[in-house]
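Colleague: Each chain is listed here by its residues.
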Amino acid sequence: MNVIPIRSSSEIRLTVNGRPVTLEVRPEALLLDVLRDRLQLKGARRSCDMQVCGACTVLVDGAPVSACTYLAVEADGREVLTVEGLADGDRLDPLQEAFIEHGAVQCGFCTAGMLLTAKALLAEEPSPSPARVAEYLRGNLCRCTGYRKILDAILACAAPGGGTR
Amino acid sequence: MRPFAYASPRTADEIIALLTPGSAGADGASRPLAGGTDLLTLMKADVATPSRLVDIKRAGLPKGIEETPPGLVVGGLTTLAQIETHPAVRARYPALAEATAVAATAQLRNVATVAGNLLQRPRCWYFRNPRIACWLKGGDHCPARDGENQLHAILGGGPCHAVHPSDVAPALVALDADARLRGPGGERTVPVEGLFAAPEGGRRRETLVGSDELLLALRLPPADGSRSTYLKSMDRKVWAFALAGVAARLRLDGRRVAEARIVLGGVAPVPWRAHEAERALEGAEAGPAAWDRAANAALTGAAPLRHNAYKLPLARALVRRALESLAT
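Listed in order, the protein sequences are those of chains A and B. Just so you know, we're using our numbering here: the first sequence kicks off at 1 and counts up by one. Just so you know, we're using our numbering here: the second sequence kicks off at 1001 and counts up by one.
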């Protein structure tokens, strides 16, 4: 059997918002801290720190994950999208436009996670029903808006033909 | 989180070597890392303190769902999200699809694996508090017994009174699934029910899976005309563990119950197979009278603690409702 390398730090190569990034990280480094403190991407936020609130949501290979409880080494070879990567230059993502238009932002603490979770849902299911959107967003808490305007904004970006479930 | 070393082997043998106490390169404090949604939470709370994590996701272990007509094989590394959305699971094994869909959040289900779900540790607040040396963590008594025990076991409790938190485990037991394990001595296959045993004596864990064994895959037998469902009662509708859950499976022959499985979650240290309820159902005519008898029989032997007697009527109602939904 080969000797298996046991590491106390590793080089990881990942793509963050479309840009290749190479970093040396310790095994216990969390993706959230690497994004915020090493890459200065402050959009994902630490709130509950236990995978309940969704404020730290980022997309890893297109799927929403809680970056607060995700090891940075696990992102090796993967694509990470944070809210900073949603806009195309100065052109906001349609979801961001819709959040502004519908007044879906109050304090803004949950917004990055909401946008990314919604982005993943619409990529997977372009025409979700209102109930499906509410169900998918269960892991994203908002203490200001009462969710109505957030749901409206997301549904405004859904392709026509969503069910009414 | 405390520092730890990290290894990402490329083969199952290498993983097992690193997990086997006393073997070359192992140190007895290695833990396998799959999705990490439970393990990392325990480590952040300083309840689990492994010196090394062995990532098991880059070694080609089974991941995903393979249709093996008339059955189904679910790789241990399959995420809950993959199971929840799989057409064959939804069509033929609804109890499993429903149990995965009501677990946690989308963010967690995208990462959490089915093997990790089965092997997750209890959510008991005494167990999860690093300052409390409860019996399960090597202490000499269970503080929940005479303490804040509203979320604790009503069946099979003692010396540990924590409940098994998994929704998926009762569903797999009700579906008569088998588990394929691999350890230093090779592979073995056991019923999923046989993975679990209430902690006792020197074994202060809820599972009979060795610390150097990998849960490779789950095999679901043909659904064979069975109907199944999983119902769960929670404090809130999101990211909550079951106050009580029930996985039920019925095979009807006309109006007669030919086969029944009733497995309770959230009420015992292990997924609780309600044998008495199954006996009350098998051969009985489908209908409210049989459902009532089964619901009462399911709680045979229940011994609630000071603050959790509410779980009895809750579990009974879930059993009744599950059976009603399967027979209509």
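Be careful, since some hints might not be right.
[Stated by the list, open to error] To give an idea of the chain A side of the interface with chain B (calculated C-beta under 10 Å), a few residues:
| hint | residue |
| --- | --- |
| 1 | N17 |
| 2 | N140 |
| 3 | C144 |
| 4 | L151 |
| 5 | D152 |
| 6 | L155 |
[As the list claims (entries may be wrong)] Covered stretches of chain B, going by a simulated chain A footprint (3 or more residues, C-beta under 8 Å):
| hint | region |
| --- | --- |
| 7 | 1001-1010 |
| 8 | 1185-1196 |
Worth flagging that the hints you see were computed from the coordinates, not collected in a lab. The C-beta atom is built at its ideal place from N, Cα and C for all residues, glycine as well.
Colleague: Hints first: check each against the structure and report whether it holds.
Modeller: Evaluated hints:
1. N17: Result: violated, 19 Å to nearest chain B Cβ.
2. N140: 8 Å, holds
3. C144: At 18 Å from the nearest chain B Cβ, C144/A fails the 10 Å test, so the hint is violated.
4. L151: This interface hint is violated because 15 Å lies over the 10 Å limit.
5. D152: Violated, about 20 Å.
6. L155: 17 Å, violated
7. 1001-1010: holds (count 9)
8. 1185-1196: Result for this restraint: violated, n = 0.
Hint violations for this structure: numbers 1, 3, 4, 5, 6 and 8, all remaining hints satisfied.
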